[in-house]
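Asks: Spelled out from the first residue to the last, the chains are:
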Amino acid sequence: MDYLELTARFFSLTDANVRIVVAGSVLLGAIAGAFGCFTFLQKRSLIGDAIAHSTLPGVAFAFLILGEKQLHWLLLGAAISGWLGALAFNAIVRYSKLKLDAALGIVLSVFFGLGIIMLTFIQKSGAGAQSGLDKFLFGQAAAIGRADVLILAISGVVMLLALLALYGRLKLLTFDSGFAASLGINVGLLQFILTTLLVVTVTIGLQAVGVVLMSAILIIPAAAARQWTDKLSKMILLSALFGMISGILGAYISFLKPHFPTGPWIVIVAALIFSLSILFAPQRGLVSRLRRHLHNRRSMTQDHILKVLFKAGMDSRSWKEFTPRMQIAQMWSFTKGELGRGLRKLVAKGQLKKEGNMYRLTESGVNAGARVTRLHRLWEVYLARYLELPQDHVHRDAEEMEHIITPEVEKKLEEMLGYPLLDPHQQEIPYFDKVEK
Amino acid sequence: MSPDFWVILTGILAASACGLIGSFLVLRQSAMLGDAISHAVLPGLVLGFLVTSSRAVIPMVIGAAIMGILTAFLTEFLSRSGRLYRDSSLGIVFTTLFSLGVILIAAFAGQVDLDQECVLYGEIAYTPWDTFILSGTNLGPRSVWILGAIFIINVLFITIFYKQLKITSFDPQLAKTVGISDRLWHYLLTGIVSLTVVASFESVGAILVVAMLIVPGATAFLLTRRLWLMLVLSVVFGVISAVGGYLGASVTNTSIAGFMAVAGGFVFAIIIVLKSAMDRNKRLVAKPSDQLNPIQATLS
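As you go down the protein sequences, you meet chains A and B in turn.
Each residue of the first sequence is one higher than the last, beginning at 1 in the working numbering.
Each residue of the second sequence is one higher than the last, beginning at 438 in the working numbering.
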């Protein structure tokens, strides 16, 4: 069929089946996204993986007892065995010297092995061919039916209420469980409730995402949301949104190509959102961090150019002479590219005047150079006087501070040190850019 | 030789090779790296198939080793430059790579001799019939040869670099001060784990290979503080779970690989219960004399 037509059918939501699938995926994505934030922040992201794999024997067991596929019983079985899995890895950590990672590895592989045994048993007993249980491995959103959505919706509402009711406590538990305990909160019980909520989340997601990849939708949206905000409430909302988008698009792709399982597509969409977030988020994003870094380096280069030219003319108090570029390059360890860019930028700012291949400071350039030099030397005085550092130890630190000190700090320093005239190396500290004003 | 023999031998070789190298994952508290690699090698395997359109060993191994190292590298990158916790970055990387692998399999279903179920729990039952034939002579199952080679590689790797592996696993700080790079050995170990995983993948699948990597080493870890003994015990437990799993599976006529995992878990459960009961006894016995101070102890 034509993809365009299918797309229209999917997004117009006229088809009742499509509505059900979309509703299911939205619910699942939102819930998983929201609850994933807590395990993410507790640095226990991978417990979702262990719980998800642990649900398999429960699903198979429920099917074995009932002999037919009744979703609510399968999900109940899944929840119980997922919860037993969680109990098992907590017990291993508690009663042995093994750490959480080994406990998770043991529980997920052994429970999954048990599930596989039961699945092969079901398949060989003949009933398995049409059981559709294998859909639980990689997920098939299209398998979500009307009754299933009802279950999803009810558990979704319960989960949302639980989140709202426990939000404050969960927040405390996540960021400072020691403090939570000192307030009289039963941390063990709360952690237990959180684990149970996580088990329910995983169970809800089984149909659409599948056992194997369920952990991804708990981790990836949360990690993406973390890039955009430092506030837990915002992070939960964003993570839920990312989860929903991944759910819908995953369902959409497997609607276009029914022989593809849904789970992997949901993960791929979530991973795309994550990549965009980690690259382009405004504060933490790699691109903006790189840009800030570059910007800092460039403004440092400009400071250095101003400083060396200012110092060159300081003894004669005259900055009228032009200095050739070659000579400037030797005054500081500039790289060729950064010197060129810095000079261009300073000319554009009006702090340098260019003639041919020669440069000199303008009046505002002299003042700016004086300020950088003063900050450097003031900081040296401060270090020598208050930290009693020997004079050969103060230069390197001042080399960094000269770019950082703000006008407010500058004023404080000057007042505190009493406008010193000489730095620890007996060099003059220039103030005349201020006097002229 | 009967098919049973070959299946058991395959299981034993896989379990021993995995158990040896997995012990180090347990010691370094990066057991989930084993889980991650066993998932992440999938796209490498599929691409290996697609490029050569056969089950040739070399391209598969190369593809998978690249993916293993890529996993370690991306995880490192995300935790350093992306400022994420290590476990989340691991979770993000391996689920994404595994998804890519599953999608590739679905997309090239006709051309790739792998299906989604086989990826998860392997086809150890078919190993006796996939034989290695060299100039007309039947040399036995291919996977026995591959796993045997990997087992020998692992034993050699561990004996030759025993000191480096030991010191980086137990005390990375000390390793640094004596000039052994923790990172280099982390990547080398990752490479070896990837090789082992790929070799075992066909037989036991992505998730059950985790059982072989982690469970025997973890069981041995409960019993001893000596590295060499832990390694020996991990092989012993691996062999027990392979043989026991095979027997259990043939009695119930179910998944052999699944049963091997469960047998390992069963041994682990017995040991952990016995061990904590013994520790409790020891504490009870030891308690009275612990409470005496040295003078009282000599007097009594």
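Derived from the structure by calculation, the hints contain no laboratory data.
Values in this document were obtained by computation on a predicted structure and should not be read as measured data.
Do not take every clue at face value.
[Stated by the list, open to error] The calculated BS3-like cross-link candidates involving lysine-lysine, where the alpha carbons are at most 30 angstroms apart (straight line), are: (1) K99(A) <-> K613(B); (2) K234(A) <-> K320(A); (3) K336(A) <-> K320(A); (4) K43(A) <-> K613(B); (5) K712(B) <-> K97(A); (6) K600(B) <-> K171(A); (7) K354(A) <-> K257(A); (8) K600(B) <-> K99(A); (9) K43(A) <-> K712(B); (10) K69(A) <-> K320(A); (11) K99(A) <-> K719(B); (12) K603(B) <-> K99(A); (13) K97(A) <-> K600(B); (14) K43(A) <-> K719(B).
[Stated by the list, open to error] Partial pick of chain B residues on the chain A-facing surface, computed with a CB cut under 7 angstroms: (15) Q466; (16) A714; (17) N718.
Built from N, CA and C at the ideal position, the CB exists for glycine as well.
Asks: Please list, smallest to largest, the hint numbers that this structure does not respect.
Replies: 2, 6, 7, 10, 14, 16 and 17
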